[in-house]
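A.B. asks: In case you want the letters, here they are:
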Amino acid sequence: MTLTIVDSGSHVAGLAAQAARAEVVAAYPITPQTAIVELIAELVSSGKMRSEYICVESEHSAMAASVGASACGARTFTATSSHGLAYMHEMLHWASGARLPIVMAVVNRTIGPPWNILPDLSDSISQRDTGWLQFYCASHQEILDTIIQAYKICESSKVLLPAMVCFEGFILSHTSMPFTIPDQEKLDSFLPRFKPGWKLDVDNPMAHGTLSSSDYFMELRYLIQEAMDNARELIPAVDKEYAETFKLPYHGGLLEETFCDNAEILVISMGTIGSEARVAIEKLRNKGYRAGSVRIRSFRPFPIEEIKKVCERADAIAVIDRAISFGMEGQLSTEIQRALYDVKDRPLVLNFIAGIGGRDVTAKDIEEMATHTAKCARDGKIDQKLTWHGLRT
Amino acid sequence: MVSLRELTREELILPGNASCAGCTTNLSIKLALKALGQKTIFVVPACCTSVLQGVFPLNSLNIPVLNISFASAAAAASGVVAGLRVQGIDDVTVVGWAGDGGTVDIGIQALSGAAERGTDFIYVCYDNEAYGNTGMQRSGSTPMGAWTTTTPKGKTEQKKDMPLIMAAHKIPYIATLSPSYPTDFIEKFQKAKGIKGTKYLHILIPCPPGWRTDPAVSIELGRLAVQTGAWTLFEIERGTLSISAPSRPFLDKANRKPVQAYLEKQGRFRHLTQQETSQIQTRIDETSEHYSKVNQTRLCP
Numbered sequence: 001m002t003l004t005i006v007d008s009g010s011h012v013a014g015l016a017a018q019a020a021r022a023e024v025v026a027a028y029p030i031t032p033q034t035a036i037v038e039l040i041a042e043l044v045s046s047g048k049m050r051s052e053y054i055c056v057e058s059e060h061s062a063m064a065a066s067v068g069a070s071a072c073g074a075r076t077f078t079a080t081s082s083h084g085l086a087y088m089h090e091m092l093h094w095a096s097g098a099r100l101p102i103v104m105a106v107v108n109r110t111i112g113p114p115w116n117i118l119p120d121l122s123d124s125i126s127q128r129d130t131g132w133l134q135f136y137c138a139s140h141q142e143i144l145d146t147i148i149q150a151y152k153i154c155e156s157s158k159v160l161l162p163a164m165v166c167f168e169g170f171i172l173s174h175t176s177m178p179f180t181i182p183d184q185e186k187l188d189s190f191l192p193r194f195k196p197g198w199k200l201d202v203d204n205p206m207a208h209g210t211l212s213s214s215d216y217f218m219e220l221r222y223l224i225q226e227a228m229d230n231a232r233e234l235i236p237a238v239d240k241e242y243a244e245t246f247k248l249p250y251h252g253g254l255l256e257e258t259f260c261d262n263a264e265i266l267v268i269s270m271g272t273i274g275s276e277a278r279v280a281i282e283k284l285r286n287k288g289y290r291a292g293s294v295r296i297r298s299f300r301p302f303p304i305e306e307i308k309k310v311c312e313r314a315d316a317i318a319v320i321d322r323a324i325s326f327g328m329e330g331q332l333s334t335e336i337q338r339a340l341y342d343v344k345d346r347p348l349v350l351n352f353i354a355g356i357g358g359r360d361v362t363a364k365d366i367e368e369m370a371t372h373t374a375k376c377a378r379d380g381k382i383d384q385k386l387t388w389h390g391l392r393t
Numbered sequence: 001m002v003s004l005r006e007l008t009r010e011e012l013i014l015p016g017n018a019s020c021a022g023c024t025t026n027l028s029i030k031l032a033l034k035a036l037g038q039k040t041i042f043v044v045p046a047c048c049t050s051v052l053q054g055v056f057p058l059n060s061l062n063i064p065v066l067n068i069s070f071a072s073a074a075a076a077a078s079g080v081v082a083g084l085r086v087q088g089i090d091d092v093t094v095v096g097w098a099g100d101g102g103t104v105d106i107g108i109q110a111l112s113g114a115a116e117r118g119t120d121f122i123y124v125c126y127d128n129e130a131y132g133n134t135g136m137q138r139s140g141s142t143p144m145g146a147w148t149t150t151t152p153k154g155k156t157e158q159k160k161d162m163p164l165i166m167a168a169h170k171i172p173y174i175a176t177l178s179p180s181y182p183t184d185f186i187e188k189f190q191k192a193k194g195i196k197g198t199k200y201l202h203i204l205i206p207c208p209p210g211w212r213t214d215p216a217v218s219i220e221l222g223r224l225a226v227q228t229g230a231w232t233l234f235e236i237e238r239g240t241l242s243i244s245a246p247s248r249p250f251l252d253k254a255n256r257k258p259v260q261a262y263l264e265k266q267g268r269f270r271h272l273t274q275q276e277t278s279q280i281q282t283r284i285d286e287t288s289e290h291y292s293k294v295n296q297t298r299l300c301p
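Residue numbers (my numbering), protein chains in the order written: chain A, 1 to 393; chain B, 1 to 301.
Check the hints yourself; a few may be wrong.
Said to hold, decoys possible - A partial selection of chain B residues facing chain A, derived with a Cβ cut-off under 8 Å:
1. Asn59
2. Ser78
3. Val80
4. Val92
5. Ser112
6. Thr148
Since the hints were derived computationally from the structure, they do not count as laboratory data. Every residue, glycine too, gets a C-beta built ideally from N, C-alpha and C.
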C-alpha cells in the first residue's frame, strides 16, 4: 500500500532504509543525524525492520562494520554528519576500494572549530575523492527516493560502489514535509535482494583486499573510474524508472533544470539552495530576466556533458557554493568551469560562497546574486570572480 | 586432552608463503585453523598476516579473509558477524586476527567496543611485542627493557596488560597461548569456538627478525618464556583465572628458570645491564607470586 505521511527529513532517511530492506545498520550518533539512528533502533527493536543493528563505538567503526557486513553480501545502511564523516575518512576509501554498495545518509553539517552544528556542505564535499557516489537532495521525497534508487544503482554489477545521500541538517533533517512511500511489494520487485558476484563465503574462500603490487593496483583504480562512468548513465535511467513505476515525480537524474531552455542567466547550486533558487528564478522571470536554475543532484559522478549542454547557450552563470576549498574557490564552481572549458563561447562564471555554517540563504539572496550576474553579462565582464555573499564587514 | 595425532591433516595455510624463517605467526595460524576448521572467516588488519597471506594473485590461506584497515579488525568483524547472522548463517566462526599494534594500540577502541557489545567472535592478538611489519618500532605491548628502532636504549615503560584489560570487559573467555605448547594452544582455540560471545586469545610470538634471534630457536624461546615466567599461560573463564598446565610448575620460584636464560638468546635485550636484568627478574617474581595468589579466583566481580 502506498503511504503518504508527514514527517521529518531524518525520519524519511530511516524509513527509506526500512523500505529498501537494509539488512545491517551500523551507526554512531551525531547531531543532526541522531533522529535517523534513533528511528532505525526503534524499528529494529519493535520488529518492524528485520535488520541487525550494531551500536558501534565510533564512526570509524561504523564504516568498518558496514564494510564487514556488506562483504558478507548483506544490504548495509549507515548515517552520519560532519566530524563523524571526517572520522570515517579512511574507511570511506576502504568501502569504495572493496567495491561495496553501502548506502549512507549524510546529514550535512559544517566542521569545527569553532563548534557549530548547523549546515553547510563542507563535510561531504571534502570526501569528494573517496570513490563514493554523492547525491544532494532538496526535499523529503527526494531523500526517500534517492536512498532507494542509490541501492539499485550501486548494487548494479556495472557500478558496485558506495553512495552518500546528502541533505542539509535542520533545513531538511528537522523540518517536516509530506512524502509518499511506495507500496512495499512493488518496491521489493524494483529493488530485489542484493546478490553480489563475490562475498565472504566459507564454501568459496577468497582473500578480500589482499596485498597487491603495482602490476594490478592501477587497473583496479581504473575500474572505479569506469564504474563511475557507468553510474553516470544509470542514475537518470533509474530515476525515470522509479518515477514511472511509482507515479512519483522525476527528480531530473543527474541534475534538475528549472526554466533553463532559453535562459541567459543560470544559477547553479546543490541541495536546498537549489529549491530556494527555483523561487528566486520565478521572481526574476516575473521581472523580465531570462533566468534559469540548475540544481546538481549527482556531484559524483559529475554531470560534465549535461552541464555543457544546459550552459552553452547562457551568457553568465552564478555558481553558489555552500562550501569552500580554501586557497581556491567553491568546489562546485571549479567543477562547473572544468565542464565548460571545452565549450565554444563559454559563459562568464561567477562564484558565490553562501550559507556557510548554517547562515540562511533566502530567495532574496539568490535574486541579488543572479541580478549581479546579469549585470556582468550585460557589461561583458566580471568585476569580482569570487564573492562571499552577505559577509559581515 | 587433544592429541596431535588425531588432528586433521588438512592444511588451511599453505607452505611457501611470505612469512619469515622461524615465524611463529605462521605456525599459530596453522594450529588455530586445525582447531577451528574450514568454516572460519578471518578479519585481518594491517599486520604481518596481511603480508604472509601472499601478494595478489597468490594466496596462502584457504579460508575467506577480509583484509581491513589497521584500527578496524574488531569493528569489521562485528559487521561480518551481523552480515552472516542476518542471512541465517550460524555455523561459521569469525576471527579477528591482529598483531599487538593492531590490538593494544590503534585497534583497542574497536576491540573494546566489540567486546562491550558481546560480539560473538574470537579475537586473537598475536603478539611479537613490536610493529614488526614496519621494521620493529615500539608498541604498547613491547616489554620493558626491549630494544626497538624507536626505543634505541630499551623501552623504559611496562608492557600493557591486555588480557586483564579484556577481563575488565567481563567477556566469557580469555586465554594466553604459546605455539610452543601446541596441545594447550589447540585446546584453547577449540574451547573458544564452543563459547558464545566475545573470546580473547593472546599469543606470544617469538619473532626472529624483530627479536634478533636465530630462526632455529623460535620454539625454544616460546618455551623459555613460559619456563622463566616471562609469559604465563592462563585462562580467564567467566572471570575466574586458572593457570594452564604448562605454566603451573613455574609459579614456584624453585622451578622457574632465571629470566637471563630467556633474555640472553635475544639481540633486543643484549644491551641490558645486570641491574636492569635483575629488575626484570624482580618484576617476573612479583607477577608469578601474584598469579599464584589469584589462581582459581574471580578477578572481577
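A.B. asks: Confirm or reject each hint.
C.D. replies: Status of the hints after comparison with the structure:
{"no.": "1", "hint": "Asn59", "verdict": "holds, 5 Å"}
{"no.": "2", "hint": "Ser78", "verdict": "holds, 5 Å"}
{"no.": "3", "hint": "Val80", "verdict": "holds, 4 Å"}
{"no.": "4", "hint": "Val92", "verdict": "holds, 6 Å"}
{"no.": "5", "hint": "Ser112", "verdict": "holds, 7 Å"}
{"no.": "6", "hint": "Thr148", "verdict": "violated, 24 Å"}
Comparing the model with each earlier hint shows a violation of hint 6 alone; every other hint is respected.
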